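The chain contents come next:
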Amino acid sequence: MPIFANPAYDTAHLLDTFVLVLSFALLYQRRLFAMITLYAWQAFFLAAAAAWQAYAQDAPHLYITAAIALVFKAIVIPLALHRIIIYLDIHRSIETALGIGPTMAVGVGLVALSILLVLPVTAASGALTRESLAAALSVVLLGLLMMITRRNAVSQVVGFMSLENGLILAAVGVKGMPLVVELSVAFSVMVAFIIFGVFFFHIRERFDTLDVHDMEQFRGEGR
Amino acid sequence: MRSALLELLQLALPVGLAPLLSGLVRKLKARLNGRIGPGLLQPYRDLSRLLRKEVVLAPNASWLFRTSPYLIFAAIWLAAAIVPTFATGLLLSRTADLIALVALLGTARFALALAGMDVGTGFGGIGASREMMIASLAEPAMLMVTFTVALVVRSTSLQHIAEYLLTHDVGIRISLLLGVLSLLIVAIAENARIPVDNPATHLELTMVHEAMVLEYSGRHLALIEGAAMVKLLLYVSLVAAIFFPWGLATDIDDARALAVGLGSYVLKLALAGVALAFLETSIAKMRVFRLAELLGGALLLGLLAAIFLYVSQEL
Amino acid sequence: MLTLVAALLALYGAAALLGVVGGRRVLVPVYVLSGLAAAATALGAARFLASGAAPETAVLPLGLPWIGAHFRIDALSAFFLFVLGTAGALTSLFAVDYGGHDDDPGRVLPFYPAFLAGMSLVLVADDAFSFLVSWETMSLASWLLVLATHRQSETRSAAFLYLVMASIGVGALLLGFGLLAGGSGDFAFAALRGAALGPWKSGLFFALAVIGTGSKAGMVPLHVWLPPAHAAAPSHVSALMSGVMTKVAIYGFIRLLFDLAGPAQWWWGAVVVALGGITALLGVLYAVMQSDVKRLLAYSTVENIGIILIGLGLALAFHANHLDLLAQLALIAALLHAFNHATFKSLLFLGSGAILVATHSRDMDKLGGLIHRLPMTAVAFLVGAVAISGLPPFNGFVSEWLTFQAIVNGALLPQWLLKLAVPVVGAMLALAVALAGVALVKAFGIIFLGRPRNNAAATAQETGALMLAAMLALAALCMVTGVAPQLVLALAQPAATLLLPHGAGLDLSSPLWLAPLGPDHSSYSGGVILLAVTFLAALLGLVIHRFASDRARRSAPWDCGFPDTRPETQYSAAGFAQPIRRIFGATVFAARERIDMPAPGDTRPARFEISFRDPVWEAIYAPTARLVSLLADRLNLLQFQTIRRYLSLMFAALVLLLLIVAVSQ
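Protein chains in written order, with our numbering: chain Z, 1 to 223; chain Y, 1 to 315; chain U, 1 to 665.
Read the hints as simulated data drawn from the structure, not as lab findings.
Heads up, some of the hints might be wrong.
[What the hints assert, rightly or not] Using C-beta positions, here's what the derived DEER-type ranges look like:
1) Z:98 - U:648: 45 to 53 Å
2) U:510 - Z:97: 31 to 39 Å
3) Y:290 - Z:82: 51 to 59 Å
4) Z:174 - Y:1: 57 to 65 Å
5) U:511 - Y:5: 20 to 28 Å
6) Z:97 - U:552: 38 to 46 Å
7) Y:244 - U:617: 45 to 53 Å
8) Z:82 - Y:244: 56 to 64 Å
9) Y:290 - U:465: 33 to 41 Å
10) U:156 - Y:290: 56 to 64 Å
11) U:547 - Y:1: 43 to 51 Å
12) U:593 - Z:98: 57 to 65 Å
13) U:564 - Z:80: 52 to 60 Å
14) U:461 - Y:48: 54 to 62 Å
[To be verified] In the DMTMM-like style, the derived pairs of lysine to aspartate or glutamate whose C-alpha atoms are separated by at most 25 Å in a straight line are:
15) Y:285 - U:559
16) Y:53 - Y:251
17) U:366 - U:550
18) Y:285 - Z:182
19) U:201 - U:559
20) Y:53 - U:559
21) Y:27 - Y:7
22) Y:53 - U:462
23) U:201 - U:259
24) Y:29 - Y:210
25) U:366 - U:568
The model shown is predicted, which means the values in this text are computed figures rather than measured ones.
Glycine included, every Cβ here is placed at the ideal spot set by N, Cα and C.
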């Protein structure tokens, strides 16, 4: 069973792994501030991954992606979210729609699914690209999972941003992918809009205040 | 002959060094807390004092209570002797593979939990119940790590694993990283360290391991404490042997390689002690029922590691 | 060998007849005869296997006239006869003392030998008809044995449920055999073996075989009858039902799917492995929750069946991919676990019987401290508990280790679904084994350790010498098989070679090491572990007692300064399981905790209630039961018709059948 040793890929995988593990850590975390810190770290490792790919693939435009990720996602957005939470006085603990344990189990199932998806598509390419792609797709799915299992608006935003991290990770991992930089800029702008939306519309606590779940509680049918 | 002598050294090493490792962690934690702390050799002094004290038994303590400490210490000692510390290819290494090692530790825990329930006090029951809960999640997590490594090496024997990882360039794989993370969580849980349990607390309701052994005294307590120290060392050796096997001597006839093996082993122990001290000072203990999430996370990480291995393999 | 079996069956028959006419007075001869017959079965089967004799067949002019009754002994039947004989002999020995403590021994005596005879017949049957008749004899005899305690209302509902489930199982088997035989009408296994079914039909046969044998073995979701029925039966019968009858069901599974079904398909393996994983995990989770010791043991049987099914499923998967060496490894692991489970589960059920005789209670919360009152029973029960928790150096660990070795090699399977499923099942198996430890620590700790929780437990007396002898013999078997598994593996290997002839090459010869895939792979030695731990512990004891201190003093327990002498302050069975209930309860059992705390000044007691539901029951059985009773209500109309209506119905049915015949020609 030959396993290739290749420093370029090894480093890339190391960084991919950190991003993926941080996705799971985000699913696991219950406190808002800690979650934002985790997100910042994920963005940091994404930046590192992008920078490494820029170096390894000799594609200088990826340095821009790395810089955007580092400055914008790892520093500016977390700080902004931090201030919003304090300013709006949002609950610091996160309500989950599904328990932490089941959520993580579903997460592992999603990772298995993404592996099953990636495998046939990339049968021709080497094992090492497969690993990167599978990790990136997993990060995307885990981000989605986070959005649907959290009731808190801020954590849903964080889930979305983590999803977006996965997309960027996939984009930088594939050699010769066009429009990577444009993609990351576009997404960053979109994230900014969402965050400002939260801020300006003063949506407190929840996006889903009109959730039927709350109405059931009023009618005394709650669990 | 040489092999037998080295095996004796391998048997003596964990028992000899374990108190020193615990002493190092305690000393460093004290320094990080701004205290001077006891000397490095304090655990040895504690153990020898306990050994010489008389045992106080509850009126209804049975033979199980009195024999368990010996059994527990012997089982953990044997397990520690199976993990390659400074060299591979020793006599006992064929006795048990990683799965049997996990189960051997399970036997020790089974005895300890029963001993905790023997006197029939509330604290013994609470400790035994929680210890088994922690173990029921930590043990599978450790087995999942075993699978991951075994899928690479095609063997669950520790000796084969260490030799394979030493001689083959496996690179940094997502699965191995996930595996080491999972194993570290398991190691912390199994050794009753912060954030899972607090080895130094005096609030009985927050303890797990200490609540279970509350009724032990004298030489029995010395054996239990000693076994806990050996177990800590065992896990450090295990993580070192599986994930950081550098320096291990593969040829037991080569004296220089053996010296390097011993030196690097001591160095790895010291590094692990420093890391543990920093970890324990920087985080707080968790609520008991949050543990399920942490350990369930470790189990899932282990599972993820095994699944990811398929992707990276040219099978 | 077949003549021996025939003679033994006659012996069982004599014992049963004796039981019918003699009633309570012939208790000892009935159990002695049954025990002798079982022991002879075990010895004969072991000799047959060790000598490597060729299969023996016989055709008797019994049963259906154009078929006759075929019987055959090959390595597979002989291995299971060995399992049956070993457990049956020791259980009968136990029963010589224990049988007198039954509510009504006259209700047990005739059916006990008949039960053993029915199970033996299943193992030697070689055509579909005699297989089904023996299978039904076994079911019916065990059902009557469950009914021996019919005065308790829970027994009656358990027996009803058992009857329904047994009928469903045998119905599935009947259809399966019909499918296999097709229109040929030849039901001898030799003829069925050659039947070539298409992919659809063989898939259907697989499903029917799994339902038919799985319902008997206690596979989730067909397990619901097992815990109440096994718990309600007299303890020595529970030991046989859990230890042996489930193994006969496993035999049926192997016979149908490895021998008769023709070439295996890989998805069979996937389905069986998944069912096995779920069975193991759910079974043990329920076991942890129980506070009735016999129900706990019965749920643990469900778990162990899951472990065996994991082994069998892996064997099917490997076999379908022509990896027959690994298939043999998995199959041998399953066979060894079948034997092991027969030993330790019989031991534990017998132990529960001894406890029941001594204290008149199965409720763990009424026991405690029995290690002082029943020291030998405690030792035997402890061995069984350690063995079933899969801990070295006992036998449970060996078979689980072999199963894990098969799982580790799962990466060699080419199908991606299997590749991904195998680690997941590995995790489930690991969880199940670890949780089994929780369940058994709870059982032993609450029953035998601590302080007695009521007067019966405080004054209990060690029971009969033969009961102890039977339990200690089983405990010794657990130990010997753990230290020298090669002894039993040598008996299991011919069966594996018979079914998977291309997989020869497993290395089980070394008396010291168990390294089935050769010296370059994993190895294990229970003997060295036992020796080393004993030696190290003895050394420690000697050195410490000689040079440090050997003084001991008795004094009140410390308990953090607040020792409370009331036994109610100890941990209870439900309390011990509480952490596990908190973790898994909400999702798996829909567990609810209700606390009723009176206001200050109110004198009524505070109450704490726990309820949990079986999700399988809620999801499958309750709706089915409602549907059946709805249909029954509708069909009830048919009972109140005029004669003319009845005649017209019959006429319509006749015409319909004739039409079908006309159309099909």
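Hints versus structure:
1. Z:98 - U:648: 45 to 53 Å: About 58 Å separates the Cβ atoms of residue 98 of chain Z and residue 648 of chain U, which means 45 to 53 Å is violated.
2. U:510 - Z:97: 31 to 39 Å: At 55 Å between Cβs, range violated.
3. Y:290 - Z:82: 51 to 59 Å: Given a distance of about 24 Å, which is not inside 51 to 59 Å, the answer is violated.
4. Z:174 - Y:1: 57 to 65 Å: For residue 174 of chain Z and residue 1 of chain Y the Cβ distance comes to about 59 Å; the hint holds.
5. U:511 - Y:5: 20 to 28 Å: 26 Å, holds
6. Z:97 - U:552: 38 to 46 Å: 57 Å, violated
7. Y:244 - U:617: 45 to 53 Å: 50 Å, holds
8. Z:82 - Y:244: 56 to 64 Å: 37 Å, violated
9. Y:290 - U:465: 33 to 41 Å: 52 Å, violated
10. U:156 - Y:290: 56 to 64 Å: The hint (56 to 64 Å, Cβ to Cβ) is violated, given that residue 156 of chain U and residue 290 of chain Y are roughly 45 Å apart.
11. U:547 - Y:1: 43 to 51 Å: 29 Å, violated
12. U:593 - Z:98: 57 to 65 Å: 20 Å, violated
13. U:564 - Z:80: 52 to 60 Å: Hint holds: Cβ distance 56 Å, inside 52 to 60 Å.
14. U:461 - Y:48: 54 to 62 Å: Violated, since residue 461 of chain U and residue 48 of chain Y (Cβ atoms, about 45 Å apart) do not stay within the stated range.
15. Y:285 - U:559: 23 Å, holds
16. Y:53 - Y:251: Violated: residue 53 of chain Y and residue 251 of chain Y sit about 44 Å apart, past 25 Å.
17. U:366 - U:550: Given that 25 Å is the threshold and the Cα spacing comes to 36 Å, the pair is violated.
18. Y:285 - Z:182: 45 Å, violated
19. U:201 - U:559: Violated - the C-alpha atoms of residue 559 of chain U and residue 201 of chain U are around 66 Å apart, more than 25 Å.
20. Y:53 - U:559: Holds. Residue 53 of chain Y to residue 559 of chain U sits at ~20 Å (cutoff 25 Å).
21. Y:27 - Y:7: 31 Å, violated
22. Y:53 - U:462: With Cα atoms ~36 Å apart, residue 53 of chain Y and residue 462 of chain U exceed 25 Å; violated.
23. U:201 - U:259: Satisfied, since the Cα-Cα distance of roughly 16 Å is no more than 25 Å.
24. Y:29 - Y:210: Roughly 19 Å separates the two Cα atoms, so the pair holds.
25. U:366 - U:568: Holds: residue 366 of chain U and residue 568 of chain U sit about 10 Å apart, inside 25 Å.
Hint check: violations occur at hints 1, 2, 3, 6, 8, 9, 10, 11, 12, 14, 16, 17, 18, 19, 21 and 22; the rest are consistent with the structure.
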